[in-house]
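> The primary structure of each chain is shown beneath.
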Amino acid sequence: MEPMDRLENLASSLETVALNGFQGPTVDNGQKDSSTAEILRMKEQMSNQCFEMAVKLQAGKSKRSSCSASDAEKDVLDYANTLEEAKIIHFNKTLALHRMQVWHAISEKLKQSDPEAVAMRGLTSCSLDLCSKIKTLQQESCELQCQITDLQKQRLDLKRLTHEKMKEMDELKRKREHPEAEKYRNVLQKGQSHLEKYQKMATITQNVLRGIIIASKVNWRDDPKLRDIAMTLEDIPISEE
Amino acid sequence: MSLLKPFSKLPGLNTANILLVENEEQFQQKLADTVVLQEKNVNVNVRLARSLPLPMENEESRPRIDLVVFIIHLTSELSFQSAETSLKYLDPGYFQGKVCFLVTSARNVSVPPERLVSVRKLAASLHCPLLCAEDQTTEGVTTAAHRLLAILKVAAGLVPMATGLYLSTLTRCTVPSDIDQQNFE
Numbered sequence: 001m002e003p004m005d006r007l008e009n010l011a012s013s014l015e016t017v018a019l020n021g022f023q024g025p026t027v028d029n030g031q032k033d034s035s036t037a038e039i040l041r042m043k044e045q046m047s048n049q050c051f052e053m054a055v056k057l058q059a060g061k062s063k064r065s066s067c068s069a070s071d072a073e074k075d076v077l078d079y080a081n082t083l084e085e086a087k088i089i090h091f092n093k094t095l096a097l098h099r100m101q102v103w104h105a106i107s108e109k110l111k112q113s114d115p116e117a118v119a120m121r122g123l124t125s126c127s128l129d130l131c132s133k134i135k136t137l138q139q140e141s142c143e144l145q146c147q148i149t150d151l152q153k154q155r156l157d158l159k160r161l162t163h164e165k166m167k168e169m170d171e172l173k174r175k176r177e178h179p180e181a182e183k184y185r186n187v188l189q190k191g192q193s194h195l196e197k198y199q200k201m202a203t204i205t206q207n208v209l210r211g212i213i214i215a216s217k218v219n220w221r222d223d224p225k226l227r228d229i230a231m232t233l234e235d236i237p238i239s240e241e
Numbered sequence: 001m002s003l004l005k006p007f008s009k010l011p012g013l014n015t016a017n018i019l020l021v022e023n024e025e026q027f028q029q030k031l032a033d034t035v036v037l038q039e040k041n042v043n044v045n046v047r048l049a050r051s052l053p054l055p056m057e058n059e060e061s062r063p064r065i066d067l068v069v070f071i072i073h074l075t076s077e078l079s080f081q082s083a084e085t086s087l088k089y090l091d092p093g094y095f096q097g098k099v100c101f102l103v104t105s106a107r108n109v110s111v112p113p114e115r116l117v118s119v120r121k122l123a124a125s126l127h128c129p130l131l132c133a134e135d136q137t138t139e140g141v142t143t144a145a146h147r148l149l150a151i152l153k154v155a156a157g158l159v160p161m162a163t164g165l166y167l168s169t170l171t172r173c174t175v176p177s178d179i180d181q182q183n184f185e
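In order, the protein sequences belong to chains A and B. Note that full-length UniProt numbering gives residue 96 to position 96 of the first sequence, counting from 1, and the numbers run on in steps of one. Note that full-length UniProt numbering gives residue 75 to position 75 of the second sequence, counting from 1, and the numbers run on in steps of one.
So that you can see chain B by itself, here it is in the shape it has in the complex (with noise of 0.2 angstroms):
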C-alpha cells in the first residue's frame, strides 16, 4: 500500500505544498489558479488529483505535501463515496491537522441534508476542520481560496508559535448531538 507520509520528505524553504483532492475535477482549478494568487509572501505550490493513492511514477519528484484537501461536492454521492476511499492511502499522521474538508453546495436545496451530516461526523472523527465555499461566484472562490491559505501556512509549520495539530484542536468539526437537531426541527 503506498500511504503518502507527511514528513517522508524535507520541507522547501518558505514553501507550502497543498494537494487538492476531486473527483470531479471542476473545482479544483479555480481554487488553485486563486491560492497562487493570493498569497505573495509565501511560494504556494498546488498540485491536483483525483483520487489517492497518487501515482507511483512521480513520487520521487513530488514534494513534501502539507495540506491534503478533499473536496466534496454534496449534490453527488460519488463525491463523497471517493472521499471516503482515498481516506485509506494516507498516513495517519496526516490527520494531526494536515488534512482539511472542503464541502460545496451546502446550501442547496435539492440536497439531502443527510449527505451533510455525514461528511460532518467523518470530519469529527478524523478530528479535522470541515469548510464550506460557495464554488459558483468568485467572490466565494477567493474566500475559500483564503481560508485554506490560512489553514495550509501552520500545517506548512511558516507561521510561529502554531503547529497543525495545535490548530486542529481548535478547528477540529463537531457534530451536534441528537438532541439538538431534534429540537431545531
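With the rest of the complex left out, here is chain A (with noise of 0.2 angstroms):
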C-alpha cells in the first residue's frame, strides 16, 4: 500500500512541523500573527488536517472488497445520526463546563475584596433584594387571584339558584292554573252556551217586535207607553248563525 505510507509519511512530517513552531512556508498574510489566539487557531487548523488524513488512513485500511451501495447508504446514515447526536452531547457537556467555570470564577471574585468585588456584592444584594419583593409580589397577586376566583363561584353558583328559582316559580303558575281550569271550564262552557241561546232569542224576539211595530205603521211616539217599548228596542245585527 504505497500510496498510504506515504500518507502516513506526510502525517508525521506535518506533526513534526506543528511541533516545531511553524517553520513551514511563510504566510502572505501581512505580518506573522503571534498572538495566542492565532496560534491556538493555527492549532486547532492542523489538528484538523492530520485527524483528516488519519481518518483517510483508517480508511484505507479497513476497506472491505465487497460492500454493496445500499448497505453502505444506511450504514452512512446511521452514522451521521450517532455522529450527530455524540457532537450534541458535547456542545451540551462543553456548555456545561462553561457555565462552572463562569460560576467559579464569580464565586472567587466575590471572596476578594477589590473593587471590582465591592460592586459585584453590591450587585448581589440589589437583584437578592429585588427577588424577594418579586416573590411577595407574586404571591400577593396569587392570593388576589385565589379570592377572584372565589367570587366567581359564587356568583356561578348564585345565578344557578335563581334559575332553578324561577323555573320553579314557572312550574307552580301553570300546575296551578291547570286544575282550577279544569273545574271551572265545564261549567263556564255551559253557562257561555246558554248565554248565546237567550241572546238569540232575545235579538230575534226584538227584531219581530221592531218589525210589527214599523209594519202596522202605528204612531209610536205620541203613545208614551209605546214609545218608551220603542226607544228600548236595541239594533243588535243579527249573527252569521
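Accuracy of the hints is not assured; some may be wrong.
One-sided excerpt, in silico: chain B residues whose CB lies under 8 angstroms from chain A [stated by the list, open to error]:
id: 1; residue: N14
id: 2; residue: G93
id: 3; residue: L158
id: 4; residue: P160
id: 5; residue: Y166
id: 6; residue: L167
id: 7; residue: T169
What the hints contain is simulated information worked out from the structure, not anything from laboratory work. Cβ coordinates follow ideal geometry from the N, Cα and C atoms, glycine included.
Take the two lone chains and join them into the complex the hints point to.
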C-alpha cells in the first residue's frame, strides 16, 4: 500500500512541522500574527487536518472488498445520526463546563475585596432584594387571583340558584292554573252556551217586535208607553248563525 | 492516468486552495477575483482550469487542492459533458466533501429542464453539493463566492470540529422522486 505509506509519512512530517513551531512556508497575510489566539487557531487547524488524514488512513486499512452501495447508504445515515448525537452531547457538556467555570470565577471574585468585587457584591444584594420583592408580589397576586376565582364561583352558584327558582315558579304557576281551570271549564262552557241561546232569542224577539211596529204604521211617538218600548229596542245585528 | 489526489501533498499553513473548472472560462475569472477579495483571515489561492486532467508540467509546483468546483452553464450541453469527462480524472478521495458543482442560468427559460435534472442526478449520485449561482450581477457573484468560501474553509480543514466528509453528509444534493415531480407538473 504505497500511497498509504506516503500519507503516513506526510502526516508525521506535518506533525513535526507543527511541533517545531511553524517553520513551514511563510504566510502572505502581511505580518505573522503571534498572538495566542492566532497560534491556538493554527493549532486547531493543524489538528483538524491531521485528523482528516488519519481518517483517510483508517478508511484505507479497513476497506472491505465487497460492500453494496445500498447497505453503505444505510450505514452512512446511521453513522451520521450517531455523529450528530455525539456532537450535541459534547456541545452540551462544553456549555455546562463553561457555566461551571463562570460560576467558579464569580464566586472566587466575590470572596476577594477589590473594587470590582465590592461592586459585584452590591449587585448581588440588589438582585436578591428584587427577587424577594418579586416573590412577595407574586404571592399577593396569587392570593388575589384565588379570591377572584372564589367570588366568581359564588356568583355562578347564585346565578344557578336563581335560574332554578325561576323554573320552579313557572312550574307552579302552570300547575296552579291547570286544575282550577279544569273544574270551571265545563261550567263556564255550559253557561256560555246558555247565554248565547238566550241572546239569540232576545235578538229575534226584538227584531220581530220592531218589524210589527213599523209594519203596522202606528204612530208610536205619541203614545208614551209605546214610545218607551220602542226606545229600549236595541239594534242588535243578526249573527251569522 | 494522472489522477488528482487530495492527500498527496502537505497542506499549507492557514491556506486554502480552490480549483475552478469551467469549459467556457468566462465566469471563473470573476468568481476568482471576488473570492480572493472576500476572505481576509485565510490565504486563499484560486487556480483556474478548463478541464481535467491538469497539465503535467506544473505537477510539482501545484499545491494541494482542497476544493474542486465544476462550473456548469446550463445554456450549453457541452459544459455538462466536459464536466462529466473531467470527473474521471479525480481520485475518489475527492468525492468525500472536496468536490462541488456550481450551476449557472438555472432560472433561464430557454434552458431545457432535463439538463438541470441530469446535473442534479449526477451530483446526488456522487454525494456532492449543488449550488446555483447568478453570474450576470455582481451581487450574484458575491453570493456564490461567499458560499464557496464557506465550503472551502471546511474542506481545507480550517474550521474546527468540521471536516469535508461531515459537511458533505449535510449538504449533499438530493433528487426529488418522480412522484413529486408529477404532482408538481
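> Hints numbered earlier in the text: which of these fail when held up against the supplied structure?
Of the numbered hints, just 6 does not hold.
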